Amino acid sequence: MVAAFVGSVGGHAPRVTSPAGRAPARGISTQRRPQVVMMAAGDKKRVLVIGGTRFSGLYLTKVLADAGHEVVLFNRGSKPVGDKSLMVPGETQAQFEARNKNTSVIVGDRTDAAQMTELLKGETFDAIFDNNGRELADSKPLIDLFNGKIEQYIYMSSAGVYAKSDIMPHLETDAVDLKSRHKGKLDTETFLKQSGMPYTAIRPTYIYGALNYNPLEQWFFERLAAGRPVPVPGHGQHLTGLGHVMDLAKAMSACLGNPKAIGKVYNIQDEQAITFDGMVKACATAMGLDPDAVEIVHYNPKEFDFGKKKAFPCRPVHFFTSPRNALSDLDWTVEYNIQAGLKDSYSNDFVHKQKAGKLKNDFSTDDMVLEKLMALK
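The sequence shown begins at 1 in the UniProt record's numbering and counts up by one.
Be aware that one or more of the hints could be misleading.
Unchecked claim - With a straight-line Cα cutoff of 25 Å, these simulated PhoX-like cross-link-like pairs (lysine-lysine) come out:
(1) K264 / K84
(2) K121 / K179
(3) K44 / K179
(4) K264 / K45
(5) K302 / K193
(6) K84 / K179
(7) K343 / K84
(8) K377 / K360
(9) K302 / K179
(10) K310 / K372
(11) K308 / K264
Stated by the list, open to error - Here are the computed distance ranges between Cβ atoms for each label pair:
(12) K260 / A137: 25 to 33 Å
(13) P301 / T124: 45 to 53 Å
(14) L370 / N147: 48 to 56 Å
(15) S78 / E371: 50 to 58 Å
(16) P229 / A98: 41 to 49 Å
(17) A114 / S85: 28 to 36 Å
Think of the hints as simulated: they come from the structure by calculation, not from any bench.
Here the structure is a predicted model, which means the values were calculated and not measured.
Just so it is clear, CB atoms sit at the ideal spot from N, CA and C, and this is done for glycine as well.
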């Protein structure tokens with residue numbers, strides 16, 4: 001089931017390589033809106049992307065470089081510009097080579113604040129995309145170094161900061177959970193607001209799509225490909241929010257140079273939410289299977305001790321947001337609905353992993369559930 005809701009409710013020393021050819025949320029203080037002179041959104045900019053070689057960062061790099069911006073990555077240099085593994089599914093060799101001409105990398109470790117500061121202190125950028133900061137300590141050195149020197153700091157936060165609510169979808173003004181495992185991201189949002197840095201924070205829900213290193217959709221595909229029953233916690237009607245990685249990348253890029261985005265937080269996900277049972281069926285459809293022929297087994301997760309293993313890839317609660325503010329403020333639309341996004345992930349990622357023998361196929365928690373349910377019959 002899909003529910004619509006939008007609008008309705010070293011070793012080696014660091015080196016630099018050249019281009020390759022409702023009410024305010026609790027815990028968030030309200031500060032004055034930063035004043036900044038913005039370049040026009042269409043102007044080409046020099047941007048720093050922290051990370052940029054895995055999943056969302058990789059797609060973001062492509063979108064920015066394709067738009068003609070000069071993209072400078074800061075990462076550990078494990079994948080140099082031009083590495084074939086950095087091609088996005090569907091990208092041609094010519095397109096890949098063209099965007100690489102707009103991309104370079106500064107090799108360093110963001111967890112080493114002194115090193116990062118030394119490497120970046122002589123650089124000038126129009127904007128920074130902080131794609132992988134998890135704790136305030138990760139981002140504070142960057143914010144301190146470039147405060148007053150850049151037009152915009154675009155920070156990848158998480159919708160996981162919201163407190164549980166009886167009213168859904170989550171809006172950007174909803175209360176936050178100060179004990180969330182994403183507290184570090186919340187702390188960073190707070191610091192950005194207090195610092196006066198012209199910033200934009202992005203709160204995605206579950207990110208999915210080809211090259212996803214988090215086995216979200218893969219969890220469903222593996223069980224369906226093996227012809228197994230799919231264990232779903234609870235009643236199967238919990239609604240969850242998904243957002244395709246390319247839509248996320250384009251939303252982040254659309255923040256760049258947009259005065260409306262300064263000092264704002266944006267939820268990013270699909271325009272609809274989907275139930276857990278609906279996710280099973282949508283994945284089956286993406287695989288070319290009959291969704292009505294799939295066996296779904298419901299169970300009470302409180303009756304099991306799975307240890308450290310993750311028995312299901314989503315929170316067993318309603319968890320989705322409204323992206324209506326992003327849709328209103330940004331030159332952005334959702335291009336991948338859930339079904340199209342799952343088809344992309346299956347065709348451009350899962351089948352290749354399957355052929356290469358790179359699937360985990362760990363069904364041990366499933367077997368625990370199925371054995372207990374069989375014993376009760």
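Worksheet item: Do the Cβ positions of P301 and T124 conform to the proposed distance bound of 45 to 53 Å?
Response: For T124 against P301, whose Cβ atoms are near 51 Å apart, the range 45 to 53 Å holds.
Worksheet item: Taking 25 Å as the top limit, are the C-alpha atoms of K302 and K193 close enough?
Response: Since the Cα atoms of K302 and K193 sit roughly 39 Å apart, the hinted pair is violated (cutoff 25 Å).
Worksheet item: If you draw a straight line from the CA of K302 to the CA of K179, is it 25 Å or shorter?
Response: holds (22 Å)
Item to complete: Sort out whether K264 lies within 25 Å of K308, counting only the CA atoms.
Response: violated (37 Å)
Worksheet item: Between K121 and K179, does the CA-CA distance stay at or below 25 Å?
Response: With Cα atoms ~34 Å apart, K121 and K179 exceed 25 Å; violated.
Worksheet item: Are the Cα positions of K343 and K84 separated by 25 Å at most?
Response: holds (23 Å)
Worksheet item: Is it true that the CA of K84 sits at most 25 Å from the CA of K179?
Response: violated (40 Å)
Worksheet item: Holds or violated: K44 with K179, Cα cutoff 25 Å?
Response: Violated, because 40 Å separates the two Cα atoms, which is more than 25 Å.
Item to complete: State, for the Cβ atoms of A114 and S85, whether the hinted interval 28 to 36 Å holds or is violated.
Response: About 30 Å separates the Cβ atoms of A114 and S85, which means 28 to 36 Å holds.
Worksheet item: When you take the CB atoms of K260 and A137, is the distance between them in 25 to 33 Å?
Response: holds (30 Å)
Worksheet item: Is the distance from the Cβ of P229 to the Cβ of A98 consistent with 41 to 49 Å?
Response: holds (47 Å)
Worksheet item: Does K377 pair with K360 here, judged by a C-alpha cut-off of 25 Å?
Response: violated (30 Å)
In this structure, the earlier hints numbered 1, 2, 3, 5, 6, 8, 11 and 15 are contradicted, and the remaining ones agree with it.
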